[in-house]
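Take these sequences, add in the hints, and give me the full structure.
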Amino acid sequence: MTRHTLDQLEIGNTAVVRRLNAGGAIRDRLMDMGLLPGTPVLAEFRSPLGDPVAYRIRGALIALRRSQAREVEIDLSEGACQ
Amino acid sequence: MTAQTVKLCETCPAYDASALKRLGVKVGAADYVVALAGNPNTGKSTIFNALTGLRQHVGNWPGKTVARAEGGCDYNGRQYRLIDLPGTYSLLSTSVDEEIARDFILFGKPDVTIVVVDSTRLERNLNLTLQILEITDRVVVALNLIDEAQRHGIQVDARHLSRRLGVPVIPMAARRLQGIPELLQAVEQVAKGLYATRPHRIHQFGAKLERALNGLIAQIEQEYPGLPNARWVALRLLDADASIEQAIREHRLGDLNRDVEASGTEKAVPAEVVA
Numbered sequence: 001m002t003r004h005t006l007d008q009l010e011i012g013n014t015a016v017v018r019r020l021n022a023g024g025a026i027r028d029r030l031m032d033m034g035l036l037p038g039t040p041v042l043a044e045f046r047s048p049l050g051d052p053v054a055y056r057i058r059g060a061l062i063a064l065r066r067s068q069a070r071e072v073e074i075d076l077s078e079g080a081c082q
Numbered sequence: 001m002t003a004q005t006v007k008l009c010e011t012c013p014a015y016d017a018s019a020l021k022r023l024g025v026k027v028g029a030a031d032y033v034v035a036l037a038g039n040p041n042t043g044k045s046t047i048f049n050a051l052t053g054l055r056q057h058v059g060n061w062p063g064k065t066v067a068r069a070e071g072g073c074d075y076n077g078r079q080y081r082l083i084d085l086p087g088t089y090s091l092l093s094t095s096v097d098e099e100i101a102r103d104f105i106l107f108g109k110p111d112v113t114i115v116v117v118d119s120t121r122l123e124r125n126l127n128l129t130l131q132i133l134e135i136t137d138r139v140v141v142a143l144n145l146i147d148e149a150q151r152h153g154i155q156v157d158a159r160h161l162s163r164r165l166g167v168p169v170i171p172m173a174a175r176r177l178q179g180i181p182e183l184l185q186a187v188e189q190v191a192k193g194l195y196a197t198r199p200h201r202i203h204q205f206g207a208k209l210e211r212a213l214n215g216l217i218a219q220i221e222q223e224y225p226g227l228p229n230a231r232w233v234a235l236r237l238l239d240a241d242a243s244i245e246q247a248i249r250e251h252r253l254g255d256l257n258r259d260v261e262a263s264g265t266e267k268a269v270p271a272e273v274v275a
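Protein sequences, first through last, are from chains S and D. Just so you know, we're using my numbering here: the first sequence kicks off at 1 and counts up by one. Just so you know, we're using my numbering here: the second sequence kicks off at 1 and counts up by one.
No lab work stands behind these hints: they were computed from the structure. Just so it is clear, the structure is predicted and the values come from calculations on it, not from any experiment. Fair warning: there could be bad hints in the mix.
Unchecked claim - Ranges between beta-carbon positions, derived for each pair:
1) S/Arg-3 - D/Arg-249: 31 to 41 Å
2) D/Leu-238 - S/Asn-21: 18 to 28 Å
3) D/Arg-176 - S/Arg-3: 18 to 28 Å
Idealized CB from N, CA, C, for every residue including glycine.
This is the structure in C-alpha cells:
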C-alpha cells in the first residue's frame, strides 16, 4: 500500500489521519487544531492559487499550506470511496 | 461605578445582590486572584464585565504590546482580582497573545482559573481545558453559550462532564447573565478549598521518561527556585519547545512573577464603567 499524505487528498474527499510526521512547533500546532490519528478530514476547497487548502476538521474549517499538509499521513480507505 | 449603576444592579434578579459587589478597577489587596482563560470568542470578556462592572480596561503588561484586562469584585465579603487573558487555543503554541495567556496560567499562580468553553464547539475547546487541568487543580469550567448550543440542538450533560473532568462545570449564557451566581459560588468554593477537585490527567510516562524528567526538574528548580510548574517546563524542554528554550537561555522564565507583582492597581489605566 502506498503512503498518502493530506496534500494528495482530492477536493471533496474524506480521509482519516494515520500519523503526523512533523516535529516541534508544527506538530504541536497540527495537534492543537485537532489533527490526531483517527481524525476524519475533508478537503473542502482550494484557494485560487492552489495553496493553501481548506480542510474540515472536527467541525472547524482550517487552512493548511501544502508544506504542512504533506506532514500528515492519511488513510484513504474510509474516505476515498465516498 | 455610579450610584445609579449599583442601584440598578441590586434590583436585577440575575445578580445575587447581597453577595456580589462589582468593584470595577478599584480592587485593593485582593484575597484571591482569578484568571479567565479560554479559546478566542468564547465569552471571557462578557463574563469579566459581568463580574467587574467594567466595559473595558487595559492593564499594562511591561514590555509587551498586547494587553490583558484586570478588574475586581467582592463576593461574600472576599475580594477577587480578575485577569481577563487573551484567547488561546493551546498552552503549547507560539503567538504573542497565546504566550501571555500561557505564562500567566503557568507562572502567575492564580488561585482559580476559569476556563470559558464554547458549548457549540466543545471538542475543540476541551483541548485547552485538558492542558490547563494538567498544570493546576484549581479550575472551574464555564460552559458558556448554552443558549446557542440549544438553538443548534446540542445538549451538554454538564454534570457528567464535571465528573469526567473532576472540576465544577457551570452551564452559562453570560450574555443574558445566566449562570453568573452559580459561577461565583463555584469559584468561591474552589478558591477556599471547599470543593475538592480531582482534575483529569494523563500520567502514563515510562520509567525512562520519568528519570529524564526528574533530572531536568531538579536543574530547573535549582536555576529558578520557587518556579511553579517546573514539571511542565521540563516536559516542554524534552519536546524541544524553542520558545521555552529561549526563555531559559535569556533567564526570562522568572520574569512573569515580577511583572505580576509590579502591576498593581496604582498603575491601572482608568476604566470606562458601564453607565
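Structure-based check of each hint:
no.	hint	result
1	S/Arg-3 - D/Arg-249: 31 to 41 Å	holds (38 Å)
2	D/Leu-238 - S/Asn-21: 18 to 28 Å	holds (19 Å)
3	D/Arg-176 - S/Arg-3: 18 to 28 Å	violated (51 Å)
Hint compliance for this structure: hint 3 alone is broken.
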